[in-house]
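So the sequence lines, in the order shown, correspond to chains A and B. Sequential numbering of the first sequence, starting at 6, is according to my numbering. Sequential numbering of the second sequence, starting at 51, is according to my numbering.
Each hint should be verified, as a subset may be incorrect.
Said to hold, decoys possible - The list that follows gives simulated cross-link-like pairs (lysine to any residue, SDA-like), each with its CA atoms no further than 25 Å apart:
id, chain 1, residue 1, chain 2, residue 2
1, B, K135, A, R200
2, A, K466, B, H161
3, A, K376, B, R114
4, B, K135, A, P52
5, B, K206, A, A306
6, A, K400, B, I70
7, A, K466, B, R114
8, A, K454, B, E74
9, B, K135, A, R405
10, A, K376, B, G88
11, A, K465, B, D120
12, A, K400, B, E200
13, A, K313, A, A112
14, A, K466, B, R52
15, B, K135, A, D45
16, A, K376, B, S194
17, A, K376, A, T25
18, A, K465, B, G88
19, A, K376, B, A121
20, B, K135, A, Q47
21, A, K466, B, G80
22, A, K466, B, I70
23, A, K376, B, S205
24, A, K400, B, P203
25, A, K43, A, G18
26, A, K465, B, E200
27, A, K376, B, H191
28, A, K113, A, R58
Source of the hints: derived by calculation from the structure; they are not laboratory data.
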Amino acid sequence: MSAKIHDPVDHAGAAAKFITDEAHLTFHDTRLWEMRQKRDGQMHGVPEWQELRDLASAIKEHTLSRLPEYLEQFEAQAIAHGVQVHWARDAAEHNAIVLRLLRENNAKTLVKSKSMLTEECEMAPFLERHGITLTETDLGERIQQLDNESPSHIVVPSVHKLRADVARVFAKTIGGDPNNTDATYLAEHCRVTTRPLMLDADAGMTGANFLVAETGAVVVCTNEGNADLSANLPKLHIVSAGIEKLIPRQADLGVFVRILSRSALGSPITQYTSHFRGPRDGAQMHIILVDNGRSKRLGQAEFWTSLKCIRCGACMNTCPVYRRSGGLSYGAVYSGPIGAIINPAYDPARYAALPFASTLNGSCTAVCPVKINIHEQLYAWRRIIAEGGLLPAQKALAMRVAGAVLASPTLYRLATAAARMAVRRLPRALLYNRLNGWGRDRELPTPPKESFAAWHARRKKAG
Amino acid sequence: MRVGLAIPCFIDSFFPEVGIATLELLERLGVDVVYPQGQTCCGQPMANNGCNSAASGTEAHFARLFAGFDAVVMPSASCVNHLRKHMDAVPQTAEVQHLRANIYELVEFLHDVLNAREFPWAEFPHKVGLHNSCTALRSLHAASISEIDETTPFSKPMDLLAGVRGIAFVEPTRPDECCGFGGTFSVNEDAVSGLMGLEKVQDHARAGAEYIVSADTSCLMHQQGCARRAGLPLRFIHIAQILNGARA
């Protein structure tokens, strides 16, 4: 995972900062909400939508429950088609394999399409340290690379940036007019500066959306065609894929292709759905199958179904907290609701705040095309974090005190009477102090003269 | 059927009128309802923060008070959801299991158990925006949600409010977006929470609502706080109050 800062992530603090910038906030919320609405539109156009979700979920759960068999089947098929298959236990092994392949082929430049797994492995900084020049070819990823920032969204990596931000980043790095914020201009400028790098690259890399066990095919879904260029221009194509990307049969692919882009962007299908089955004549194709914590998660009864994720980002688009805090506030490779249940599996102490960056509203679960019970996993993580002693000390103490007070009718009566009295009597300046998180953004309720219990006792007495 | 009335801690302390309306409404509808004295809380605040052991005393107290009822009714979706799905800090005795299987949120109880549809005493001549809490919507399935394409759209609170004379509804642009309360989320993530609440009440205000009505007082408490801070002239009322005949 991104190892730039090892302090625990302060989501609340980062989110509070994000929302002070109204232009960015409004754009971010509006843009992602539009994606959610487009997704709803697509859903209404597919009467069997819920059936597709059920199928997708069942296929993934079936595959995960027999993962070793399907992985071996996939490997055998890939090898039979002339692909070289490598296994990586963790990020370090993955990165070492990539570097070895590049060195063996005397490759100094690498172009790659979108891959969250390589972000997870922190591959780019590793390769750069070893003298490899890496170029992201997806527009959003390229913007993030040039700005030296992580992707803030797994599908639209620079969605937190305005066009003016992009113009500034380009002007600073690849030239161009810092004041021209026309989208076509910016996209074209990126294209003409990136295309020669693709043409000359020594090696190309792609991720994988799906690995088909039956055929050994790697399926990559993109909208820019950059994966095809990255894979097909250089003589060396390296695929980096998590072991959870397996599906059993070619026939299963139809289910996923129908739900992926509809859930992600609200478009019926991605512009390109490319199937890579083997190396071109005179070229090499390598697939690195990466575990990096996945088999451990597969063994966790409450969390294994998070491996069903097809990285569509629908949970992020619908999440009211994500839309108002931005992906970078999660301080992790995976942001939003899915990130909040994946990241703690890697480092519960560092990501302890993330399962609490949610109101548990459940919208993420309801949009998820593979039916991951995201909000229930958020709840389950909270318990693990609290029981592991990873709550902020003040909160842990407050909970113990609250538990004791609420277990006793007498203490409860005293505490709530005191609270009512305080709100009624204390001067505003004292009541709305800096420790009163509620009062920073809201008025406190007007306290009644008596509690319901007191009213009820009075009524009973009166008969 | 002997019914226990459970009143959530924040309603008991800050919104007794909601508890009163709930009790009076159940009595009007002929329910044999009992309010056991000495109630505190359901344990949700601790459990939702992962502190399950800190919730055990509170859950045990709740279980003791409500043992022996045929059903328990509570005007709060999130408390009911906690008791039904998460009340596991106490031993799962037969009594606890009976309680968890027979606890109802108020709208659910009126709609599904009593099958109540007519409230001849109720009249509410105002423009109202309905706020369904996320737990009511997505955990208790009180109404269809925009994320799922239901073949037959439904809304239990709307079925009940249809029996109120003079009431008119306005539709906000994001009707089932969370309002941002989320229990301790409202203070841990106060900036995002406050913004969500403000945007929620602004959405209702733009749609022309005079009142926001909900079956969940916790959402209303938060939204009311946001609206007051922003100086919006919105008013907030619990569905039990309207069904019980409140005129304003």
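Tested hints:
no.: 1; hint: B:K135 <-> A:R200; verdict: violated, 55 Å
no.: 2; hint: A:K466 <-> B:H161; verdict: violated, 32 Å
no.: 3; hint: A:K376 <-> B:R114; verdict: violated, 37 Å
no.: 4; hint: B:K135 <-> A:P52; verdict: violated, 31 Å
no.: 5; hint: B:K206 <-> A:A306; verdict: violated, 35 Å
no.: 6; hint: A:K400 <-> B:I70; verdict: violated, 33 Å
no.: 7; hint: A:K466 <-> B:R114; verdict: holds, 24 Å
no.: 8; hint: A:K454 <-> B:E74; verdict: holds, 20 Å
no.: 9; hint: B:K135 <-> A:R405; verdict: holds, 22 Å
no.: 10; hint: A:K376 <-> B:G88; verdict: violated, 41 Å
no.: 11; hint: A:K465 <-> B:D120; verdict: holds, 22 Å
no.: 12; hint: A:K400 <-> B:E200; verdict: violated, 40 Å
no.: 13; hint: A:K313 <-> A:A112; verdict: violated, 35 Å
no.: 14; hint: A:K466 <-> B:R52; verdict: holds, 21 Å
no.: 15; hint: B:K135 <-> A:D45; verdict: violated, 29 Å
no.: 16; hint: A:K376 <-> B:S194; verdict: holds, 17 Å
no.: 17; hint: A:K376 <-> A:T25; verdict: violated, 34 Å
no.: 18; hint: A:K465 <-> B:G88; verdict: holds, 14 Å
no.: 19; hint: A:K376 <-> B:A121; verdict: violated, 32 Å
no.: 20; hint: B:K135 <-> A:Q47; verdict: violated, 33 Å
no.: 21; hint: A:K466 <-> B:G80; verdict: holds, 22 Å
no.: 22; hint: A:K466 <-> B:I70; verdict: holds, 16 Å
no.: 23; hint: A:K376 <-> B:S205; verdict: holds, 23 Å
no.: 24; hint: A:K400 <-> B:P203; verdict: violated, 41 Å
no.: 25; hint: A:K43 <-> A:G18; verdict: violated, 31 Å
no.: 26; hint: A:K465 <-> B:E200; verdict: violated, 46 Å
no.: 27; hint: A:K376 <-> B:H191; verdict: holds, 17 Å
no.: 28; hint: A:K113 <-> A:R58; verdict: violated, 43 Å
Going through the hint list in order, the structure does not satisfy hints 1, 2, 3, 4, 5, 6, 10, 12, 13, 15, 17, 19, 20, 24, 25, 26, 28.
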